[in-house]
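J.: Let the sequences and hints guide you as you build the complete structure.
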Amino acid sequence: MDARNIDYEYSRLILPVGPVHPSLKEPVNLSVTVVNEEIVDVNVKLNYIYRGIEYLAERRNIAQTIYLVERICGLCSQAHSLTFIQALEEIANIQPPERAEFIRVICAELERIHSHMLLLGVVAYDIGLDTLFMYAFKSRETVMDLLEKISGKRVHHDLNTIGGVRFDIDEDLRRLIIKELKYVKRNLDYISEVLEDATVENRLREVGVLPSKIAEELSVVGPTARGSGLTKDVRFNRSYSVYRDYKNSFKIVVLKDGDCLARVKIRVLEVYESISLIETLLDNMPDTPIRIGERILKIIKRIPVGEAISIVEAPRGQLAHYVYTNGGEGLKRLSVRTPTIPNITAVKYMLMHRQIADIPVVFSSIDPCISCANRVTVTDAAKNKTIIVNLENLRRRM
Amino acid sequence: MNITGKARLKSPWLFHLNTGSCNGCDIEILAALTPRYDAERFGCMLVASIRHADILLLTGPVTTQMHERLLRVYEQMPEPKAVVAVGSCAVSGGVYTGSPVVDGPADKFMPVDVYVAGCPPRPEAIVKGILEALRKFR
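Protein chains in written order, with our numbering: chain C, 1 to 398; chain V, 1001 to 1138.
Keep in mind the hints are simulated off the structure, nothing from the lab.
So these bits of chain V aren't anywhere near chain C, every CB distance computed over 10 angstroms:
#, residue
1, Lys1108
2, Leu1131
3, Lys1136
Capping the alpha-carbon separation at 27 angstroms, the derived lysine-lysine pairs in DSSO-like fashion look like this:
#, chain 1, residue 1, chain 2, residue 2
4, C, Lys301, C, Lys332
5, V, Lys1128, C, Lys149
6, V, Lys1010, C, Lys138
7, C, Lys348, C, Lys256
8, C, Lys45, C, Lys348
9, C, Lys149, C, Lys138
10, V, Lys1128, C, Lys153
11, C, Lys182, C, Lys251
12, V, Lys1006, V, Lys1081
13, C, Lys256, C, Lys185
14, V, Lys1128, C, Lys138
15, C, Lys185, C, Lys247
Being a predicted model, the structure only gives us computed values, none of them experimental.
Glycine included, every Cβ here is placed at the ideal spot set by N, Cα and C.
T.: Quick look at the structure:
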């Protein structure tokens, strides 16, 4: 081995980022291989917060599972429970009252606003722009207040129930929501002005580029796909609930650049669209009861054996639940596919041949939600095959 | 009390560790540091390394994967140290009680000084929890 080769071997280094790391809010491990500061390989390890939610859901009754499913993720709690309830209502053949569907969608859109605001704050924090971080959180608190006024809770709303919702939006609250959203809109104008700034643009433009061809191959979803020029939105392509009738009150936002700046800007533009959709929905709310009269413990007794898949657009992209009931108040199988799983595979492509300093901002620009994305898979390296562990195997391993 | 002890009371540095929480408590801790609730008026600061921290904010029921890492983080913390368990999961296991991959709650295998209940607790409650933990340093 000559001297040049030795130099090369010593400069190649595996750098573990995580699971406990200052720039990550959640435990995830990125093993980054670097050669002279240049990233040549990325491996993502996700299973640090595997909590066995699907295992628990199969051992509880449906009324309890609604609250468990909501706690898969703190940021898309309304999206998760909406998906689960829609699947259950399809199996039980229950049609919720129209007003209930309006309230569900209004809350889901409010949640999209506060989740996108969080991403703006986190990206700003990662590029060292603490002022914008504080500013985004200030207007986020306004939305959190509205959600608290509707449901009584800030993060997990416990709003949906089979055949309707538990809390109503009355006239005073309706006026308050419209007034406060105007304030959020004003703040957002300022935030988009800050994002036009040359410093932000220099830091984010051309960083973590994901071309639309690669995005399509990796089947990324949500704002990450729309930032790469793909027109993917469940609310349009496979619309559900009240989105069927109100498709024209908001637009799909698509940007072509595919870099971090595009992914951040798309969030700002989507918040504008969500605000205009909420205003339209609040003006057109029908005057029906908010839930069917039957009690939930009676409803779950008459849910038959059946299976259903329900798909909604969560703040981070397409979220799917597969529900298989056992006919005896419980579930035989619950399977959750969250938007972070396809999106996180794109991180490897985005980081390739970039600098170490780009890791935090690229990673947070896809808005990862690690608590959603934990699976048990076993890879047999010798035979080169991957198996998903089933329940029997899992029990033996414990 | 010596001069470092007095300084510590005026500027408790925090470290936040997620051991399997659903993110709800984590964003509420972040919200507690931002202008509306402003924990920084008590001198609190979120630090990047556990070796600089005085108070460990713990969220989540401790999963099997994070169990060993939590103990390692706790051992690396300099004395005197205080631990605040934030959220129902960290206090009692919460909705994840009975899962075979959850080892917690954390007080089974390490000392916890302050419990902040709620799913998730309000930012005001988290600020109160931090102030309660400061009593240990008096």
